[in-house]
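Novice: Below are the chains, spelled out letter by letter.
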Amino acid sequence: MLNNRSATLIAAAVLLPALCAGPAWGGADPRGLLKESENRHRTRTQQYAGQLTVVNQDGKVRKKGWKSFREGYAGDAKNLIRFTDPPEVKGVGFLSLARPGGQNPDQWLYLPSMKRERRIAAQDRDASFVGTDFNYEDMEEFDHEKYAVTLQGEETVEGHLSYVIVAVPLEKGGKSVYEKKTIYLRKDILYLLREDLYRKGDSEPSKRLILSDLQNIDGHWVAKSMEMSDLRKGSKTTVLLKEVAFDMPQAANRFTLQNLNREGGD
Amino acid sequence: MTRPQIPIILVFICLLLPSAAEAQGGSGYAEAKGFAYAERSNSRDPWVLGWGTLFTKWEERVGAAQLTASVRGEGISSGEGGPLVFDPADRDIRSSPLSVQDLWLRYPLSPSVDLQLGRFQLGWGKTDGYSPADAFLPRDLSDPFADEKIPLWAIRLSGQDGAVRYEAVGCPVTTPWRLPVLGSRNAPLKVEGLPAGTVFTEIDSPPPVEGFAALRLLATLGEWDLGAWGRFGVRPAPLLDFRFDRATLTPSGPIVPIERRYAREEGAGVELSRIAGAWVLRGEAAALFSADRDLGDAVIGALSAERGFGDGTLLITLAGNALATPVDAQLLFDRGILPALITAWNRTEEWGEWKLVWTAGLRHGDGLLKGEAGYNLTDLWKLTVGGELPYGSEEGLFGALNAARRLHVALRRSW
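Chains A and B, in that order, are what the protein sequence lines are. Per my numbering: the first sequence = residues 1 to 266. Per my numbering: the second sequence = residues 1 to 415.
These are computed hints drawn from the structure, not numbers from a lab. Treat the hints with care, since some could be wrong.
[As the list claims (entries may be wrong)] Restraint ranges, calculated between C-beta atoms of paired labels, are given here: (1) B/Thr343 to A/Thr156: 45 to 55 Å; (2) B/Arg40 to A/Glu171: 51 to 61 Å; (3) A/Asp247 to B/Leu105: 26 to 36 Å; (4) A/Glu36 to B/Tyr107: 45 to 55 Å.
[Unchecked claim] Taking lysine-lysine and the DSS-like style, the derived pairs with C-alpha atoms no more than 30 Å apart in a straight line are: (5) B/Lys33 to A/Lys90; (6) B/Lys370 to A/Lys115; (7) A/Lys200 to A/Lys180; (8) A/Lys63 to B/Lys355; (9) A/Lys115 to A/Lys63; (10) A/Lys175 to B/Lys355; (11) B/Lys33 to A/Lys60; (12) A/Lys180 to A/Lys35; (13) A/Lys224 to A/Lys63; (14) A/Lys63 to B/Lys33; (15) B/Lys33 to B/Lys370; (16) B/Lys355 to B/Lys33; (17) B/Lys355 to A/Lys90; (18) A/Lys90 to A/Lys224; (19) A/Lys200 to A/Lys233; (20) A/Lys233 to A/Lys175; (21) A/Lys60 to B/Lys355; (22) A/Lys67 to A/Lys242; (23) A/Lys236 to A/Lys60; (24) A/Lys187 to A/Lys224; (25) A/Lys242 to A/Lys224; (26) A/Lys35 to A/Lys242; (27) A/Lys67 to B/Lys355; (28) A/Lys200 to A/Lys35; (29) B/Lys149 to B/Lys355; (30) B/Lys355 to A/Lys200; (31) B/Lys370 to A/Lys90; (32) A/Lys233 to B/Lys355; (33) A/Lys115 to B/Lys149; (34) B/Lys355 to A/Lys236; (35) A/Lys115 to B/Lys355; (36) A/Lys67 to B/Lys149; (37) A/Lys115 to B/Lys33; (38) A/Lys35 to A/Lys187; (39) A/Lys90 to B/Lys149.
Glycine residues also receive a C-beta, built at the ideal position from the N, C-alpha and C atoms.
Model the full assembly from the supplied sequences, consistent with the hints where possible.
Specialist: Here it is as structure tokens:
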């Protein structure tokens with residue numbers, strides 16, 4: 001039989017570690033979560049046709065369309081976007097090539113009217129990407145290795161319990177537009193559901209990216225709707241992903257300046 | 001109804017159509033533009049000018065090949081355009097109301113090597129504002145403030161091998177620069193010793209058949225973009241010969257014929273571009289050689305610095321020619337504005353975009369102020385208003401265009 005003293009000690013031995021451990025998410029390693037997320041969702045390639053709706057603060061709606069091609073993922077991603085609509089931006093191309101060592105990617109914009117590409121400077125990374133609420137930095141693939149990450153807790157987003165991770169740019173290889181990003185990672189499938197983006201000096205998020213309409217296509221989860229809201233301006237851009245395909249072989253030389261300058265190409 | 005009015009009315013009809021035919025890969029626009037001038041240089045210059053444009057383009061993939069064709073119809077209320085003629089290489093002195101802008105086929109010889117042939121536009125050089133690599137390409141100065149390039153008939157081989165890109169262009173036929181009506185407010189001519197009221201008549205002297213050949217190499221190395229090019233052949237900007245030997249004297253003044261001739265020229269240049277913090281710095285240098293007595297040699301340099309500010313961009317370009325020109329630089333067109341400082345500021349807004357450009361001629365203290373705002377009425381309709389204000393000494397290229405000060409408004413419907 002245990003005496004009172006022994007019982008107290010046992011109770012303390014059982015309860016103390018649990019109390020010291022804090023909430024259940026406290027043990028999760030945010031870097032590990034982001035790595036696991038990348039491993040789970042990494043695909044060799046992705047392509048889709050994007051239907052964009054840009055709604056400004058007065059409710060005025062503008063539509064755009066693009067085709068997007070990606071090879072690699074996160075820190076080794078190459079992206080090519082070619083606008084298909086409306087006529088004034090048709091043929092505009094965007095090429096982003098990841099660079100090693102956490103450096104900002106090389107980015108170029110091809111303008112059919114000039115018949116040549118223009119390189120995007122670091123300062124331009126906060127400029128609107130062809131009249132949308134995305135800027136050039138937003139067009140990069142998220143690479144957790146470029147951020148210091150901490151787990152802030154758990155929250156329910158769109159009915160799904162999610163990890164809340166704060167990512168602060170390390171700025172080793174180039175400046176970031178943002179001071180920090182709060183990432184909401186759906187707990188069961190480790191898929192990004194939301195990003196709150198804080199510009200430098202801001203205590204409130206200035207932009208918010210929401211990913212929804214998750215579908216499993218060919219064994220890969222994909223959000224078929226991306227909505228970027230500019231919380232300051234009150235505008236938002238929604239991208240609906242159509243014709244999504246993963247791991248399709250990409251045309252050789254697709255992610256090159258030679259191809260970016262191909263008028264009428266993609 | 002006069003012939004120039006017909007295309008303008010067609011443009012208005014297209015603007016009013018509820019929707020244009022949407023062929024697979026088809027696009028285009030109809031635009032009606034109006035200009036109001038502050039003054040006239042002579043009684044032939046109208047106070048108000050209407051300009052209608054109808055442009056349509058087809059793009060198709062045929063297997064691995066890309067086929068593109070576009071046609072433009074234009075009408076000018078002043079009748080300054082030429083008659084409707086078959087002029088596929090834009091060699092006539094005045095533009096035909098109908099012209100082929102694109103008619104080209106691009107075929108990949110390998111995944112990284114393309115062959116393109118037909119009629120298309122080239123865009124060379126790194127520096128915006130003024131690029132020596134780009135400046136020699138034929139331009140249409142019918143509207144002296146529009147800076148519109150004319151496409152070429154050419155064959156182009158382009159490719160990429162690692163970080164190096166290359167481009168070889170052969171242009172078998174010269175497409176010359178198109179000049180405004182000489183002596184009008186868009187091309188005032190002042191020749192020393194000739195009395196006021198002198199009338200210049202243009203002799204439609206055909207340009208030479210042969211064109212030019214050019215090679216360009218580009219490499220991207222980290223933050224640097226490097227390039228080099230060379231070309232030889234016929235320079236498409238004309239040289240003007242004032243034929244005083246054939247001048248006639250009338251009661252209202254002398255009439256002097258002007259003939260155009262075309263010199264051969266060889267050129268080589270280098271291009272550099274680098275990201276430096278928040279700026280993109282670009283530079284070009286070109287050495288141009290010609291045995292022609294009026295053209296001579298040139299060493300042209302251009303430096304530009306560009307910086308983004310949110311959705312706006314500031315671009316500053318300084319360009320100059322280190323050698324003196326044998327004749328008035330204004331008569332050499334692509335070298336006419338040198339030396340110049342060009343400052344451009346443009347910004348994208350939720351409602352559209354605007355831009356301001358100030359070009360300061362550093363030799364004569366003249367310049368040009370341009371401003372334009374485009375309002376997106378919808379995704380397909382756009383209203384643009386703007387103005388061009390040349391100022392300063394009439395010895396300079398821009399100062400000489402004082403009588404061309406104007407405001408413009410344009411309505412465009414795209415499809």
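Novice: Hinted pair, alpha-carbon criterion (30 Å max): A/Lys90, A/Lys224. Please report holds or violated.
Specialist: holds (23 Å)
Novice: So if I understand the rule, the pair passes when the alpha-carbon distance is 30 Å or less; does A/Lys187 with A/Lys224 pass?
Specialist: Between A/Lys187 and A/Lys224 the Cα gap is close to 19 Å, so the pair holds against 30 Å.
Novice: Can you confirm whether the C-alpha distance between A/Lys67 and B/Lys149 stays at or below 30 Å?
Specialist: holds (29 Å)
Novice: For the hint 45 to 55 Å, verify it against the beta carbon of A/Glu36 and that of B/Tyr107.
Specialist: Holds: the Cβ-Cβ distance is about 46 Å, inside 45 to 55 Å.
Novice: Mind checking the alpha carbons of A/Lys236 and A/Lys60 for me, to see if they're no more than 30 Å apart?
Specialist: holds (11 Å)
Novice: Quick one, are A/Lys67 and B/Lys355 close enough, alpha carbons at most 30 Å?
Specialist: Between A/Lys67 and B/Lys355 the Cα gap is close to 29 Å, so the pair holds against 30 Å.
Novice: Does A/Lys35 pair with A/Lys187 here, judged by a C-alpha cut-off of 30 Å?
Specialist: Answer holds: A/Lys35 to A/Lys187 is near 14 Å, not above 30 Å.
Novice: Is the Cα-Cα distance between A/Lys35 and A/Lys242 30 Å or less?
Specialist: holds (27 Å)
Novice: Need the status of pair B/Lys355, A/Lys200: alpha-carbon distance at most 30 Å?
Specialist: Distance ~28 Å between B/Lys355 and A/Lys200 Cα, so the pair holds.
Novice: State, for the Cβ atoms of B/Thr343 and A/Thr156, whether the hinted interval 45 to 55 Å holds or is violated.
Specialist: Holds, at about 53 Å.
Novice: Is it true that the CA of A/Lys115 sits at most 30 Å from the CA of B/Lys149?
Specialist: Holds. A/Lys115 to B/Lys149 sits at ~11 Å (cutoff 30 Å).
Novice: Please work out if B/Lys370 and A/Lys90 have their alpha carbons no farther apart than 30 Å.
Specialist: holds (26 Å)
Hint compliance for this structure: every hint is met.
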